[in-house]
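Q: One letter stands for each residue in the lines below.
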Amino acid sequence: MITNLFHPLLALIFAPLMRGIINKTKAFFAGRLGPPLLQPYYDLKKLLKKGCVYSKTTGFVFVLAPVAGVALCVLCLLFLPCGNLPALISFQGDLIFIVYLLGIMRFLTVLAAMDTGSAFEGMGASREVAFSALAEPTMLFGLAALARKAESFSLTPMMHRITAEVWLTDAPTLAMVIAGLLLVFLAENSRIPVDDPATHLELTMIHEVMILDHSGVDLGFIEYASALKMWILGSLIIGLAVPIRSGIIWADIFSVLVGLIALAILVGVIESIMARFRMRLVPQLLIGACIFSIIGFLVQ
Amino acid sequence: MTNESLFGFIIAVPALSGLLGRFAANQTRALGFALSGVFLAALFCLRAIYLVFNENQIFAYSDWIFLDHLSAWHLVVLILVFCQSTLFAIVYFGEEMREKKFSLAQARTFAGLWGPAFSAMALVLISNNLGIMWVGMEATTLLTSFLICIPLSRDSLEATWKYMLICSVGIGFAFLGTMLLRLAAKDLPLDLNQALLWTNLMANTRFLSVPLVKAAFIFALVGYGTKAGLAPMHSWLPDAHSKSPSPVSAIFSGFMLNAALYCIMRFIPITEEATLHSGWALRFLVGFGLFSVVLSAAFVLFQQDIKRFLAYCSVEHLGITVLGMGLGGFGTFAALFHVLNHSLAKSLAFFSAGRLGLAFGSHNIEKMKGSFKISPVWGTGIFAAILVLIGVVPFSLFISEFQVLKAAIDNHQIAVVIIFLTATGIIFAGSLRYALPLGIGEPASGIETVPVKKLDAFIVALPLLILLILGLWMPKTLQVTLSRAAAIVQTAKPIIPHFGPTGGK
Amino acid sequence: MLDLLIIMVVLTNLRLLATSRIESLISWAGIQGMVLGIFALLSRWKHLEPDIFVVGLAAFSFKGIVIPAMLFRLVVAVRSKREADPYVGFIASNLIGLLAFVGALWLGHRLPIPGNDMSNLVLPATLFSIFSGLFLIISRKNAISQVIGFLTMENGTFVLGVGTLYYAPFLVEIGALLDILVAVLVWSVLIRYMNRAFHGITTEQLTKLKG
Chain P
1 MITNLFHPLL ALIFAPLMRG IINKTKAFFA GRLGPPLLQP YYDLKKLLKK
51 GCVYSKTTGF VFVLAPVAGV ALCVLCLLFL PCGNLPALIS FQGDLIFIVY
101 LLGIMRFLTV LAAMDTGSAF EGMGASREVA FSALAEPTML FGLAALARKA
151 ESFSLTPMMH RITAEVWLTD APTLAMVIAG LLLVFLAENS RIPVDDPATH
201 LELTMIHEVM ILDHSGVDLG FIEYASALKM WILGSLIIGL AVPIRSGIIW
251 ADIFSVLVGL IALAILVGVI ESIMARFRMR LVPQLLIGAC IFSIIGFLVQ
Chain L
1 MTNESLFGFI IAVPALSGLL GRFAANQTRA LGFALSGVFL AALFCLRAIY
51 LVFNENQIFA YSDWIFLDHL SAWHLVVLIL VFCQSTLFAI VYFGEEMREK
101 KFSLAQARTF AGLWGPAFSA MALVLISNNL GIMWVGMEAT TLLTSFLICI
151 PLSRDSLEAT WKYMLICSVG IGFAFLGTML LRLAAKDLPL DLNQALLWTN
201 LMANTRFLSV PLVKAAFIFA LVGYGTKAGL APMHSWLPDA HSKSPSPVSA
251 IFSGFMLNAA LYCIMRFIPI TEEATLHSGW ALRFLVGFGL FSVVLSAAFV
301 LFQQDIKRFL AYCSVEHLGI TVLGMGLGGF GTFAALFHVL NHSLAKSLAF
351 FSAGRLGLAF GSHNIEKMKG SFKISPVWGT GIFAAILVLI GVVPFSLFIS
401 EFQVLKAAID NHQIAVVIIF LTATGIIFAG SLRYALPLGI GEPASGIETV
451 PVKKLDAFIV ALPLLILLIL GLWMPKTLQV TLSRAAAIVQ TAKPIIPHFG
501 PTGGK
Chain A
1 MLDLLIIMVV LTNLRLLATS RIESLISWAG IQGMVLGIFA LLSRWKHLEP
51 DIFVVGLAAF SFKGIVIPAM LFRLVVAVRS KREADPYVGF IASNLIGLLA
101 FVGALWLGHR LPIPGNDMSN LVLPATLFSI FSGLFLIISR KNAISQVIGF
151 LTMENGTFVL GVGTLYYAPF LVEIGALLDI LVAVLVWSVL IRYMNRAFHG
201 ITTEQLTKLK G
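Residue numbers (our numbering), protein chains in the order written: chain P, 1 to 300; chain L, 1 to 505; chain A, 1 to 211.
Hints may be right or wrong, so weigh each one.
For lysine to any residue, the following SDA-like pairs were computed, each having C-alpha atoms within a straight-line distance of at most 25 Å [as the list claims (entries may be wrong)]:
id	chain 1	residue 1	chain 2	residue 2
1	L	K186	A	I52
2	L	K186	A	A18
3	L	K186	A	K210
4	A	K210	L	L295
5	A	K46	L	P189
6	A	K210	L	R154
7	A	K210	L	V222
8	L	K186	A	P112
9	L	K214	A	R44
10	A	K141	A	A18
11	A	K141	P	Q284
12	L	K454	L	L80
13	A	K81	L	K186
Coverage of chain A stretches by chain L, computed from C-beta distances (three or more under 8 Å per stretch; other residues unrestricted) [what the hints assert, rightly or not]:
id	stretch
14	7 to 20
15	25 to 33
16	75 to 87
17	155 to 162
Sample of chain L residues lacking proximity to chain A, with all beta carbon distances greater than 12 Å (derived) [said to hold, decoys possible]:
id	residue
18	M1
19	W64
20	A139
21	L142
In case anyone wonders, no lab produced these hints; they're calculated from the structure. Note that CB positions come from ideal geometry on N, CA and C, so glycine has one too.
Take the sequences, apply the hints, and build the full model.
A: Now the structure itself:
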């Protein structure tokens, strides 16, 4: 039972670190020193100390969304295995449940953004919804492909069954699903080439523009929730891409951590060598991701 | 002479003549190279054909090259059509040269591609390996494409483009068919180099995977059928035939279509044997054949360009040939006979149309009225050729058409008989409507008459004479050859038919 | 591993369907050619005989390098528009492509290949490549993209040839490769002629001959 707690705990502790690693990688590529590795933790600490400012036009949704975001992510982590680390709770169909937990979180963020009544935030919300409408089928098709492969609708047994031997026999499916999920990972976490987290021009932003009005503790919660979300999607990918199923708990934990760090570095590299796509091309990218997943699903 | 060197010469001599022609000093020499290359190769071909008649089958190059009665028969047609067309090319381009319309560059293009085109078509016929057969077929497409646009114009470029694109795509399908057949033969205990040999496949049909053979046949039929101009894949054919210079149209219609059909003939027996003679493959042939005949009947009626009209006529006759193949039995024999008849008549028709087109300065049927008065020789040629093509007694084309019909009746395929008769009836009437004014009408004033030359008369008389003689009397050797060739397609023992006096249609 | 390469062929096909730029069409066709060359080499890596090595190498260099280079030169020479002028747009093309792939998978499973010593993706990939080639030919106005459609078709057949481990004999494979090379050569000359005669290379102008 105690092993079931490892993955959520790891996530809660190390999630913000991924962002730190990404930023460090980008700084390395740009030839800068960059912020310290633990900067996201410092930011969180700073934000949590601050008070909140609420606009007069906002209602309870605006207050609810950040809290609910963190809560939903934590909930999600309870159902999420990674590699050989089992989930705390698992049942048939939990993979769909997880996708929709993330969906509810997005829904609340969007509502909160619209709640401010600002044109900019509404625009961001509309973009977020449009893109996630394309990203969601990718995830579902990808997970369906895995479910078909592993003959289980529950993530924990599914992750158990994806071993190195499966990679030898079914490399196409896994590679396609990983490619699809990676693109979704970039889109959902608003990374380049879909969105630029560092930009401050509202016209080109998607995710960041939605949280412009949040401040203090709320902003801290949102930042933490998005770090958790990155971990959640990342651990799905790493669970597939790193087929180490040793059964020795420390080795498994180590492999998951190394995998996620590698993923963060990869994202950093992608962000360093690519530019953000024009908004028009983003749907094409996401459709491409969807095609990857569908092909993964078809090719068995 | 060994078989190796014999076949080597058949391929190499025309190819070499093409190379020489490419760098010829002037137009006359270029044509001379083409002429000598083709005629020399024809001599070697005759030698090979003679060997086949004596020895039944000859092999060379570790069985990759072989000649049996089926291919020898097609080789006969090939050299007849090619030699005639080369002679005509001299007449045609000679006339164009006189009018200063035939530049050296054009002559070099023509001579550089004419001989190699012969080589490629001969390669299709003599290769035992179905893959090499495919390579040869694709090579004919590539080599002949620039023959179409020798008179460089927007129209001829359009025709060339369509020809290249449609035929290449078709041939691509045929390649897939060949590869599928290779896959179907994967259980054969043969090494790699023996695997695609037609003779080996035929000897081991029961080891082939039936679904794959069927798939292979469909792809090969559609693919080579495109090149053979079977409807509905014929759309390149009228364009390419009408825009290319007449000797080239004659080769296209007179032989290239048959070469493609020959490739299908190699696939038929394999498929039929593998499917235990269930007639599975034949049904498709009947379908394509009938559709081609019906479609050309519809289009023949509305043509203004004489060469376009002749092109649709080719679709019809190729359809009849395929129909004959599909009916099986006696129909196969008739179809093979029809190949020769159609090739002779159609090449003559294109010669005459081309030469008259030069005299009239147009290929419009309306404007070509009264060709007898302009040129007795070529006027006779076009008129007689059209009469032959629509199946007038006593020419042999009528006989072969009648035999196809008889095969249909023997098979109790009444629907086929009715459709066939209706369509050919329409073509008969429609073509006569063109042929009569074309031959005996009153020419428009101001058109120069064409002097009668011996070569011209020979080119016109030879095919007509052959067609007439074969219509009245069929030599025993020809019967035996044809029966043996038909037996190869049907994978049966040769049945030598008995010929009585011919009746009316 | 081989399966992955086959999937890459499928993906390059989809990419070809999706793109509307001539340059990217050519480069993706080239990438597909390279993948095929590698595929040919890897499929027999354990018993690599000299003739198969030559086929793989020839496929890699012809399909992957020489032909794309010829086409790039052609694009420059005829000053082609960079747009391939698709009649069918990005999303529709991809959707059609995916549906076709589903169809190809279905057909591929219906045509059982004797024995099980090859990937069951080969036949679907072949059929899908052929479909993609045909679709490129009919849905693009630019003449060069039609040439690429033809190449894609031929690539499909090549997948079948090498993917099944039952090659056609050496001479046939090489002959086929040479034929394709010459075909592209003929096409490029023809396109140059067309460019001069029609002042452009869209096939929309080729509508005079009919009936």
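Q: For each hint, tell me whether it holds in the structure or not.
A: Tested hints:
Our distance criterion of 25 Å between C-alpha atoms is met by K186 of chain L and I52 of chain A, whose separation comes to about 17 Å. Note on K186 of chain L and A18 of chain A: the hinted pairing is violated, with a Cα-Cα distance of about 36 Å set against a maximum of 25 Å. For the hint pairing K186 of chain L with K210 of chain A, the CA-to-CA distance comes to about 44 Å; that exceeds 25 Å, so the pair is violated. The hinted pair formed by K210 of chain A and L295 of chain L meets the criterion: a straight-line CA distance of about 14 Å does not exceed 25 Å.
The straight-line distance between the Cα atoms of K46 of chain A and P189 of chain L is roughly 21 Å, inside the 25 Å bound, and the hint therefore holds. Restraint check for K210 of chain A and R154 of chain L: satisfied, since their Cα atoms lie roughly 14 Å apart, inside the 25 Å limit. Using a Cα cut-off of 25 Å, the hinted pair K210 of chain A and V222 of chain L holds, with the two alpha carbons roughly 22 Å apart. The hinted pair formed by K186 of chain L and P112 of chain A meets the criterion: a straight-line CA distance of about 13 Å does not exceed 25 Å.
A C-alpha spacing of about 28 Å is found between K214 of chain L and R44 of chain A, which places the hinted pair above 25 Å, so the restraint is violated. For the proposed pair K141 of chain A and A18 of chain A, the alpha carbon gap of about 15 Å is at most 25 Å, so the pair holds. Taking the CA atoms of K141 of chain A and Q284 of chain P, the gap is near 22 Å; set against the 25 Å cutoff, the hint holds. Restraint check for K454 of chain L and L80 of chain L: the C-alpha separation of about 19 Å stays at or below 25 Å, so the hint holds.
With a C-alpha separation of about 47 Å, the suggested pairing of K81 of chain A with K186 of chain L is violated against the 25 Å cut-off. For a cut-off of 8 Å, the count of residues in the stretch 7 to 20 of chain A with a CB near a CB of chain L stands at 0, and the three-residue condition is violated. Residues of the stretch 25 to 33 of chain A lying with their CB closer than 8 Å to a CB of chain L number 0, which falls below the three-residue condition for coverage. Restraint check on the stretch 75 to 87 of chain A versus chain L: 0 residues with Cβ-Cβ distances below 8 Å, three needed, restraint violated.
With 4 residues having a beta carbon nearer than 8 Å to a beta carbon of chain L, the stretch 155 to 162 of chain A meets the requirement of three or more and the stated coverage holds. At the 12 Å boundary, the C-beta of M1 of chain L stays outside the reach of chain A, the nearest C-beta of that chain being 24 Å off. For W64 of chain L, the non-interface assignment is contradicted: its Cβ lies about 8 Å from the closest Cβ of chain A, within the 12 Å cut-off. Listed as a non-interface residue, A139 of chain L fails to keep its Cβ farther than 12 Å from every Cβ of chain A; the least gap is roughly 6 Å.
With 12 Å as the threshold on Cβ separation, the claim that L142 of chain L sits away from chain A is violated: the shortest Cβ distance comes to roughly 5 Å.
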